[in-house]
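Novice: Sequence:
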Amino acid sequence: MPQRRNPTRLKVLRGEKPPKPAAGSAPIARPPAPRWMPVEARREWNRVLREVAEAGRPSWIHALDRAALIAYCMSWSMFHAAARDVAERGILVPGRSSADEVDRRMVKNPSAQLMRDSAAHLRAWAVQFGFTPDSRARIDLGPLKQLDELEEILD
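Heads up, the sequence shown stops at 376 in my numbering, and the numbers go up one at a time, no gaps.
What the hints contain is simulated information worked out from the structure, not anything from laboratory work. It cannot be assumed that every hint is accurate.
Label pairs and their in silico Cβ distance ranges [to be verified]:
id: 1; residue 1: His342; residue 2: Ile312; range: 16 to 24 Å
id: 2; residue 1: Arg225; residue 2: Asp338; range: 21 to 29 Å
id: 3; residue 1: Ala276; residue 2: Val328; range: 38 to 46 Å
id: 4; residue 1: Arg264; residue 2: Arg344; range: 13 to 21 Å
id: 5; residue 1: Arg287; residue 2: Ala341; range: 21 to 29 Å
id: 6; residue 1: Leu313; residue 2: Met258; range: 25 to 33 Å
id: 7; residue 1: Ala308; residue 2: Ala284; range: 30 to 38 Å
id: 8; residue 1: Arg310; residue 2: Arg344; range: 46 to 54 Å
Backbone N, C-alpha and C fix where the C-beta goes; we use that ideal spot for every residue, glycine too.
With the sequences and hints as input, model every part of the structure.
Specialist: Here it is as structure tokens:
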């Protein structure tokens, strides 16, 4: 099993040089979502870029990451649509074959598999972008913005 990467802050504390930003990569200046994306994917695009901007951190999403961000948002859109279908129709749905109709057999909702597949893709992209607690711990996101007065008191 491969070793986990050490966070940048830990490397700097050990005396290692911090990594240099990729040449030609500049933070995304909150561009609009591509028009061809479904509505739910565009909502997720706007939410992600808004959250990154409001977090009080330097943006770690760069122009080079546009295709990956589109893939993340599309995975979210597919997951959302499949989850809605499963919530509305249930895990089991009436079969469509003639044998299923005669026996009134229930079969697995195809959206359940789509939901599972898109959830796996969504998680993989979320880890790549640092959207999970574990992945955020491994990347240097810069200083965190103080969320409220209680945090200031506790620090």
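Novice: Now tell me, hint by hint, if it's right for this structure.
Specialist: Results for each hint:
no.	hint	in the structure
1	His342 - Ile312: 16 to 24 Å	holds (21 Å)
2	Arg225 - Asp338: 21 to 29 Å	holds (26 Å)
3	Ala276 - Val328: 38 to 46 Å	holds (44 Å)
4	Arg264 - Arg344: 13 to 21 Å	holds (19 Å)
5	Arg287 - Ala341: 21 to 29 Å	holds (22 Å)
6	Leu313 - Met258: 25 to 33 Å	holds (31 Å)
7	Ala308 - Ala284: 30 to 38 Å	holds (36 Å)
8	Arg310 - Arg344: 46 to 54 Å	violated (24 Å)
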